[in-house]
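As a plain string of letters, each chain reads:
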Amino acid sequence: MTEAAFRARLAALGLTLDAKAFAAAWAGAQHLRAEVARIAAFLAQND
Amino acid sequence: MTDPADLTIPEAAAALRAGTLTARALAEAHLARIASHPDLHAFSHLNPDALSEADNADAMLTQVDPGPFCGIPFAVKDLLDAKDLPATSGSAVFAGRIAKQDADAVARLRAQGAVLLGKTATYEFAMVGPDLTLPDPPARNPWNLGHITGGSSSGSASAVAGGLVRMALGTDTGGSVRSPAAYCGCVGLKPSLARVARSGVFPLSPTLDHVGPIAATVEEAALALDALTERPENWRPAVGLLQRGARGVRILYARDWFADDPQASAAVIRAMDDAAAQFSMLGATITLAPLPDYALYEAAASIILHAEALTEHAALIRDNAALYGRPVLQSLAFGAAILPDDLTAARTAQTRLTAEMLAAMAGYDLILTPTTLTAALPFSAFDGEKAVWTPMRTIAFNLTGQPALSLPMGFDAGLPLGMQLVGRIGDEDLICAAGHAFEKSTDHSAQRRGSGGCPA
Chain A
510 MTEAAFRARL AALGLTLDAK AFAAAWAGAQ HLRAEVARIA AFLAQND
Chain B
2 MTDPADLTIP EAAAALRAGT LTARALAEAH LARIASHPDL HAFSHLNPDA
52 LSEADNADAM LTQVDPGPFC GIPFAVKDLL DAKDLPATSG SAVFAGRIAK
102 QDADAVARLR AQGAVLLGKT ATYEFAMVGP DLTLPDPPAR NPWNLGHITG
152 GSSSGSASAV AGGLVRMALG TDTGGSVRSP AAYCGCVGLK PSLARVARSG
202 VFPLSPTLDH VGPIAATVEE AALALDALTE RPENWRPAVG LLQRGARGVR
252 ILYARDWFAD DPQASAAVIR AMDDAAAQFS MLGATITLAP LPDYALYEAA
302 ASIILHAEAL TEHAALIRDN AALYGRPVLQ SLAFGAAILP DDLTAARTAQ
352 TRLTAEMLAA MAGYDLILTP TTLTAALPFS AFDGEKAVWT PMRTIAFNLT
402 GQPALSLPMG FDAGLPLGMQ LVGRIGDEDL ICAAGHAFEK STDHSAQRRG
452 SGGCPA
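Line by line, the protein sequences are chains A and B. So the first sequence is numbered by my numbering: it starts at 510 and just counts up by one. So the second sequence is numbered by my numbering: it starts at 2 and just counts up by one.
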């Protein structure tokens with residue numbers, strides 16, 4: 510997910526964050542994307 | 002003469018039945034204890050009708066078989082509704098909200114004559130904390146007021162550890178009953194999924210949320226769980242095996258889940274090895290054995306939790322974003338990174354990981370792990386802009402739904418450490434039996450800070 514896509518998803522939720530809050534949210538989002546990748550790899554390994 | 006507020010729940014119940022103590026006197030003793038420790042910030046709202054509820058309990062006590070919680074004071078995390086009391090979930094978003102009825106768990110205790118003293122502090126919406134910018138100050142750790150309690154059931158743990166009440170309800174979505182219990186030196190019991198009703202609880206992640214007790218001892222936590230259990234006929238009583246001891250219990254010591262983790266403190270590793278040795282002395286069989294990769298459980302649970310939390314808050318955010326604390330709003334925003342297919346994959350992984358956990362337990366009765374990998378951090382660690390991670394080994398069992406008991410196992414520089422006993426679904430009686438045996442054979446749970454249960 511790109512930063513722009515993440516920003517668009519927040520906007521769709523009506524969630525406007527200032528620059529500092531967005532930076533923190535984006536860092537958390539990237540961490541969660543890494544967790545998504547970890548789960549995808551786990552499932553692929555088990556298929 | 003013993004201060005009634007220092008009586009255990011069974012001791013108080015016996016005195017109430019014998020007529021040597023009244024529910025009113027017991028409630029007054031606890032209210033006085035609460036009033037003498039405002040520095041803990043454990044309670045967010047007191048129940049103005051507590052004494053009249055105690056009078057009702059005194060009337061109930063004259064009836065036949067009033068039950069073990071009749072006349073016993075308790076407290077409730079401010080994430081659960083209690084009729085006519087403020088219900089804010091620790092957030093300005095719900096400032097002024099008054100609950101119209103009791104959460105099921107609260108109603109169940111009140112119907113048995115338990116006396117609600119008040120609502121305890123929570124991290125905002127049970128999500129992240131401590132947030133030092135919120136109007137209400139965070140609850141403090143009775144062992145050292147400069148240290149956090151952990152959360153999100155922060156006030157419940159502070160209240161029990163501080164001797165303000167013997168049992169308080171909490172909620173646990175990723176460890177929010179167990180980690181504050183561990184940091185504050187009390188007992189936290191996350192029951193099997195669905196054992197305790199969750200209606201009337203503001204949801205964080207509905208498929209991972211659990212309601213459970215924080216108590217001063219294993220026995221009191223077990224008694225509370227039995228009083229809370231929604232359909233008792235479907236579950237074995239948690240107190241059913243308390244006198245069984247730990248002899249013959251086959252314990253899988255999951256040392257590989259923490260000992261090589263650089264986040265684990267040396268004190269936690271040492272205390273865990275000592276605890277394993279103590280169980281061996283008690284006649285349990287201790288086997289070092291691997292469990293599936295913890296990181297996978299944490300990953301699947303994080304995806305589910307953030308996706309569900311954002312769903313729960315989506316409507317509220319639209320109209321009230323400015324009222325949320327910054328850390329909670331940021332944490333909710335993480336969930337926007339989760340797509341529907343990601344959530345589906347996480348749920349598929351949840352099924353497989355649960356099966357793998359049960360397979361790893363084959364031949365064993367219980368798992369032994371730490372609750373948290375360090376003692377409670379100081380508040381000063383949370384002053385900066387950067388998120389602070391408090392490593393735990395708890396969320397895996399929200400994902401699998403297994404019951405997990407956290408109890409004290411030692412200290413690090415005067416701060417408590419907690420270990421975790423985990424069973425199969427429905428095995429609360431076994432984890433409580435082992436925990437009770439450990440507790441009775443050590444003095445970790447018996448230690449309290451200062452007179453009256455907390456620092457002067």
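Simulated from the structure, these hints should not be mistaken for lab results. Beta carbons are placed, not taken as given, at the ideal position from N, Cα and C, and that holds for glycine. Incorrect hints may appear among the rest.
[As the list claims (entries may be wrong)] Stretch-level coverage of chain B by chain A, calculated; a stretch enters the list once three of its residues show a Cβ under 8 angstroms from a Cβ in chain A:
(1) 72 to 79
(2) 158 to 166
(3) 314 to 325
(4) 343 to 350
Here is how each hint holds up against the structure:
{"no.": "1", "hint": "72 to 79", "in the structure": "violated (count 0)"}
{"no.": "2", "hint": "158 to 166", "in the structure": "violated (count 0)"}
{"no.": "3", "hint": "314 to 325", "in the structure": "holds (count 4)"}
{"no.": "4", "hint": "343 to 350", "in the structure": "holds (count 5)"}
Of the numbered hints given earlier, the model fails hints 1 and 2; all others are met.
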